[in-house]
Amino acid sequence: MTTAAEPGQEVGKGRLRKEDARLITGRTRWTDNMSLPGMLHMAMLRSPMAHARITNIDTSEARQMPGVLAVVTGADLADSQGSLPCAWPITEDMKSPDAPSMAVNQVNFAGEVVAAVVARSAAEAADALEGIDVDYDELPVVLDMAEAIKDDADLVHPDLGTNSSATWIFDSAEAGTGGSVDEAIGSAEVVVERTFRQQRLIPAFMEPRSIVVDPTGEQVTMWSATQVPHILRLMLAMTLGVPEHKVRVIAPDVGGGFGGKLQVTPEEVITFLLAQKLGRPVKYTETRSESLASAHHGRDQLQKLTVAARRDGTVTGLKVELLADMGAYLRLVTPGVPILGAFMYNAIYKIPAYHFACTNVFTTKTPTDAYRGAGRPEATFAIERMMDELANELGMDPLELREKNWIKHEEFPYTTVSTLTYDSGNYEAATARAKELFDYDGLRREQAERRQRGDSVQLGIGISTFTEMCGLAPSRVLGSLSYGAGGWEYGAIRMLPTGKVEVITGSSAHGQGHETAWSQIVADKLGVPFEDVEVLHGDTQSSPRGLDTYGSRSLTVGAMAVLSAADKVIEKAKPIAAHMMECSPDDLEFSGGKFTVRGTGTDTGIADIALAVFAAHDLPDGVEPSIDADATFDPENFSFPHGTHLCAAEVDTETGQVRLRSYVAVDDVGKVVNPLIVEGQVHGGLVQGIAQALFEEAVYDESGTLMTGTFADYLVPSAADMPSFTTDRTETPSTTNALGVKGVGEAGTIASTPAVVNAIVDAIRHKGVDDVEMPCTPMRVWQAIQSGAQSAAGPGAEPGGGMGSLDAEGGAR
Amino acid sequence: MIPAQFDYVAPTTVDDAVRALADAGDEAKVLAGGQSLIPVLRMRLAAPTKLIDLGKVAELRGVREDGNALVIGAMTSHYDVVRDPLIAEHAQLIAMATSTVADSQVRHRGTFGGSLAHADPAGDLLAPALALDAEMVVHGMDGRRVIPASEFFVDYFTTALRPGELLTDVRVPKYTGWHAHYEKFNRVAQAWSIVGVAAAVQVEGHTIQQARVGLTNMSSVPVRATGVERALIGQEATPEAIKAAAEHAVEGTMPVADGNADAAYREHLAKVLTSRAVTAACG
Ligand SMILES: Cc1cc2nc3c(=O)[nH]c(=O)nc-3n(C[C@H](O)[C@H](O)[C@H](O)COP(=O)(O)OP(=O)(O)OC[C@H]3O[C@@H](n4cnc5c(N)ncnc54)[C@H](O)[C@@H]3O)c2cc1C
Chain A
1355 MTTAAEPGQE VGKGRLRKED ARLITGRTRW TDNMSLPGML HMAMLRSPMA HARITNIDTS
1415 EARQMPGVLA VVTGADLADS QGSLPCAWPI TEDMKSPDAP SMAVNQVNFA GEVVAAVVAR
1475 SAAEAADALE GIDVDYDELP VVLDMAEAIK DDADLVHPDL GTNSSATWIF DSAEAGTGGS
1535 VDEAIGSAEV VVERTFRQQR LIPAFMEPRS IVVDPTGEQV TMWSATQVPH ILRLMLAMTL
1595 GVPEHKVRVI APDVGGGFGG KLQVTPEEVI TFLLAQKLGR PVKYTETRSE SLASAHHGRD
1655 QLQKLTVAAR RDGTVTGLKV ELLADMGAYL RLVTPGVPIL GAFMYNAIYK IPAYHFACTN
1715 VFTTKTPTDA YRGAGRPEAT FAIERMMDEL ANELGMDPLE LREKNWIKHE EFPYTTVSTL
1775 TYDSGNYEAA TARAKELFDY DGLRREQAER RQRGDSVQLG IGISTFTEMC GLAPSRVLGS
1835 LSYGAGGWEY GAIRMLPTGK VEVITGSSAH GQGHETAWSQ IVADKLGVPF EDVEVLHGDT
1895 QSSPRGLDTY GSRSLTVGAM AVLSAADKVI EKAKPIAAHM MECSPDDLEF SGGKFTVRGT
1955 GTDTGIADIA LAVFAAHDLP DGVEPSIDAD ATFDPENFSF PHGTHLCAAE VDTETGQVRL
2015 RSYVAVDDVG KVVNPLIVEG QVHGGLVQGI AQALFEEAVY DESGTLMTGT FADYLVPSAA
2075 DMPSFTTDRT ETPSTTNALG VKGVGEAGTI ASTPAVVNAI VDAIRHKGVD DVEMPCTPMR
2135 VWQAIQSGAQ SAAGPGAEPG GGMGSLDAEG GAR
Chain B
34 MIPAQFDYVA PTTVDDAVRA LADAGDEAKV LAGGQSLIPV LRMRLAAPTK LIDLGKVAEL
94 RGVREDGNAL VIGAMTSHYD VVRDPLIAEH AQLIAMATST VADSQVRHRG TFGGSLAHAD
154 PAGDLLAPAL ALDAEMVVHG MDGRRVIPAS EFFVDYFTTA LRPGELLTDV RVPKYTGWHA
214 HYEKFNRVAQ AWSIVGVAAA VQVEGHTIQQ ARVGLTNMSS VPVRATGVER ALIGQEATPE
274 AIKAAAEHAV EGTMPVADGN ADAAYREHLA KVLTSRAVTA ACG
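Protein chains in written order, with this note's numbering: chain A, 1355 to 2167; chain B, 34 to 316.
One chain only, chain A, in its complex shape (with noise of 0.2 Å):
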């Protein structure tokens, strides 16, 4: 049910991007590759403590170091640096700790900067930080999120008086969309609780962030590997109180982001200070372990659920109550990225009933902030092993107890108990092609027999039928949530004499091919060849307005833009034409790049009005010579992709080893503008996921120090870790824009997690087990095992066991 592209069309086409050859031979502008006459290079001196206070810090002996120009420690920023910004308050009474760039009096989490070294160049810096000496007096670190709000606990911010940020609740009966949870789990036939761990995890983009900034122009310049090159001029300009039009930043190609360049960091502000203070470039790029250790990470959250059901599998209500590790401060987003998350624990069903309630808290960790799928990945994996988990409680085959509860696809639009309104999807389509490429029921028929035969090697089932939203976002709607900005996106269109075009997005490419997919679509648009069409984005200057890329947005409201803009193009031009054929526009239709005169053979190329304009030698009356047109668009709706994902995972169960033996992935985004990025980005979402789920973990010892400061401990997988994956999509159009394109940046990563973590429980519930913690390492697995196996012989070895859940009749087991 794939997309072919029609015959002369570029839109559906799997095109090579036109942007790889520079960027995977790194013969492009990353920003380390930069360099300015003059330019100075700063190194960071980071607290290797994760919670004290300054009492000294001695910079005499850095000083006098050969190459350097100058030292800096917070003091000598406190009254310039301001608070790095926060612009999601979630509710009223949030608490938000000042967020210095560089620490004044306090650090709160290992790896923050305590003081910085400019040099002529990058080896004197470092040399240089060797020589200053800082004095620590240590105070308690905060590590357990459920100790630390309690009444007694440390405190990270002692003048905040509690370690909890802020409480966000939505409530189905309150807010009037379904019925009182308390009251449909005090009815219920089956109740399920149980209580799942999010680990956290790094971004881990293949570039580090690096920054260069240039104060010697009349605006200050600064490049940085960042996702969002505008919301960074604008908060460079809020937290420095820099005026806005001095300020140019431009993300030349961005090696990944994955949420994690989706930030205002410190080593930015605390870059343009230096530049600005020396008046001469100055270059910051981060080492790996800098990067693990202080950008920030994602996930990290305690999930408790309770899913209410009738026997027959009908589910009639669900309780989430979160606690979400913010670590030491409050970035960008950071208090908004569980709150994303409500609004998927009801997923693809019809839950009647709906309470979701997050508790936000400080550690003395690294800040949490975007992590591929933000908030929805946490959702997803805990509603999805639910359904697994109710599913054995009533011993029902898991994709049956799923179907029973799924909107149908005639149900469509269809408005959900947390208040999204699901524009279209057909859930039964993408299940039925998934379970037909896995060979469902031959696997089932297969684990029976290894589980009979008492096969060392077991295999197991996982399956994720999963939506998400994504296209962030309706402006209204992030109103709604006290969001500090709006959710549209920004096009323009520059037709040259040539007739050659130059797009301008403001959505920001770091490695999506955006290039690609926009010049596919604005040479349909304009009928203009795909070699003709240039992309530009990423400099405040070339696109002057823009709300970048992250949350699937690029293609739904980006793209729409994009298009937009080539629809004023086409409208400018048609009085032009009508002028030069000498006929009346309402004669005219424009196609293939020509408007024609209708019912004659009369035409005139969308290229010769471009340089009619630029000659504008003959134009109708009151018309200017311009038919650039530029446009703004903000989203109606979210979108919502969908898929089935079965996982089929082998557990060794002598070591506890996992090897993932197949992977079917059928995803719903709608219509699709080039099948080769739609593929690359699954596959790349899946591992993501994946690696969630088997490998991927930040650890802290109980100093609060990174125990995965390097590649050889923070273990991201590479593709001899993976299987093949089977890959398919099916295809229901969006109905909220007009490509009918839905996001697919995230999804992989959103699906796959608790496909695998469902697969692993599947092949060894038998032996008594009913959770593994992610990530699922061997020896968790094998742990799982030998204290399942002692508890086998009890409540719990078969479907229907209670394993930690409770049955209306027979009260507590």
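Everything labelled a hint here was simulated from the structure, so no lab data went into it. Among these hints, one or two may not hold up.
As the list claims (entries may be wrong) - Below 25 Å or equal to it, Euclidean Cα-Cα: the simulated SDA-like pairs (lysine to any residue) are:
(1) B/K304 - A/T2007
(2) B/K276 - A/K1762
(3) B/K276 - A/S1810
(4) A/K1758 - A/P2087
(5) A/K2121 - B/R309
(6) B/K62 - A/T1641
(7) A/K1926 - A/R1899
(8) B/K276 - A/E2008
(9) B/K83 - A/A1480
(10) B/K276 - A/Q1806
(11) B/K276 - A/R2013
(12) A/K1762 - A/A1527
(13) B/K304 - B/G260
(14) B/K304 - A/A1480
(15) B/K276 - A/G1808
(16) A/K1631 - A/G1421
Unchecked claim - Residues on chain A that point at chain B, a partial pick, calculated with CB under 10 Å:
(17) A1480
(18) A1527
(19) T1531
(20) T2009
(21) S2016
(22) A2066
(23) T2131
(24) P2132
To be verified - A few chain A residues facing chain B, derived, Cβ under 7 Å:
(25) A1476
(26) A1477
(27) T1641
(28) E1856
(29) V2053
(30) M2133
Cβ coordinates follow ideal geometry from the N, Cα and C atoms, glycine included.
With chain A's structure known, arrange chain B with the ligand on it following the hints.
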């Protein structure tokens, strides 16, 4: 990060290298493939003032026969070890273990001698060297001496090499006609062993005549599983016999706990993997 400043020399003969090392004193370090040393320098965990790069010493590269032994030059890269016909014929275990090291970039640069001199207990080549009774040939200003593998590995990242000594060759007795297997257990493809088991057996008919078993990462140094070896010798190569013998794998080990495994799990793995390694070796 950027390493602290150091001087650099690249001698072309062993004699020159030994002299350069002696001249530079305590603060010098030998650079082989750099796959372990360079990260240490970049993280500024060490700051030697002089690096003596062995990359240009041609006589340290390659594998040759010397009577009943193979002589493997310290600077022979992992890549060359994996493809070497003499090693394939007479010391297959070493090639098998080497093929599990890291990824192909690292295998092109990293060296056999560098791995042994580095003495990382999680390194995959120590246990095979120990199990096969390899001998380390070292050169210093006082001349040449030979250290058996059983005395070479002293502690974490510590060998019997004295200051000023170079590891030049590794002599491995020939195990022609033996069968071998290296069973490596790790979480992602390019990672070090959580536990590894090196096994070589000589089987006649179905009877195990001789057995060599070495364990990776079960102590601060590689461990020779002599209990397992004794239990195997003279046995029929049946699953039961091998499994029973593998129960001895934890004898003499002192496994540590880290993020991947606690001691009890490592002990359990040592037994399971020993059984698998020996079974695979017996074919
Ligand atoms: C990503 C990655 C993954 C890896 N995975 C594995 C793995 O799975 N298994 C594994 O076994 N190894 C692994 N390694 C380590 C790799 O095998 C190294 O090559 C090896 O440990 C060191 O060899 P080298 O030639 O690079 O030595 P170097 O790094 O150059 O030197 C290491 C140490 O030995 C000393 N030294 C080197 N040669 C001599 C000599 N001839 N005489 C005296 N001293 C000497 C040096 O001074 C230094 O102290 C990995 C490395 C990397 C970077």
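Item to check | chain B contact restraint for A/T1531 - C-beta distance below 10 Å | outcome: violated (44 Å)
Item to check | chain B contact restraint for A/P2132 - C-beta distance below 10 Å | outcome: holds (7 Å)
Checklist entry - Given the proposed pairing of B/K62 with A/T1641, does the C-alpha separation stay at or below 25 Å? => result OK: B/K62 and A/T1641 at ~24 Å, within 25 Å.
Item to check | Status of the A/T2131 interface restraint (C-beta, 10 Å, chain B) | outcome: OK, holds: A/T2131 within 10 Å of chain B, min 7 Å.
Item to check | Hint consistency between A/K1762 and A/A1527 [alpha-carbon to alpha-carbon, up to 25 Å] | outcome: Given that 25 Å is the threshold and the Cα spacing comes to 24 Å, the pair holds.
Next on the checklist: Less than 7 Å between beta-carbons is the criterion; does A/E1856 satisfy it with respect to chain B?
Outcome noted: violated (40 Å)
Checklist entry - Is the Cα-Cα distance between A/K1926 and A/R1899 25 Å or less? => result Holds: A/K1926 and A/R1899 sit about 22 Å apart, inside 25 Å.
Checklist entry - Does A/K1631 pair with A/G1421 here, judged by a C-alpha cut-off of 25 Å? => result Answer holds: A/K1631 to A/G1421 is near 17 Å, not above 25 Å.
Item to check | Restraint outcome when A/A1476 is required to lie within 7 Å of chain B by C-beta distance | outcome: holds (6 Å)
Item to check | Straight-line alpha-carbon gap B/K304 to B/G260, limit 25 Å | outcome: holds (12 Å)
Next on the checklist: Does A/S2016 hold up as a contact with chain B if the rule is Cβ-Cβ below 10 Å?
Outcome noted: Hint on A/S2016: violated, closest Cβ of chain B at ~19 Å, above 10 Å.
Item to check | Proposed proximity, A/A1480 with B/K83 (alpha carbon, max 25 Å) | outcome: Since the Cα atoms of B/K83 and A/A1480 sit roughly 19 Å apart, the hinted pair holds (cutoff 25 Å).
When held up to the earlier numbered hints, the structure conflicts with 2, 14, 18, 19, 21, 28 and fits the remainder.
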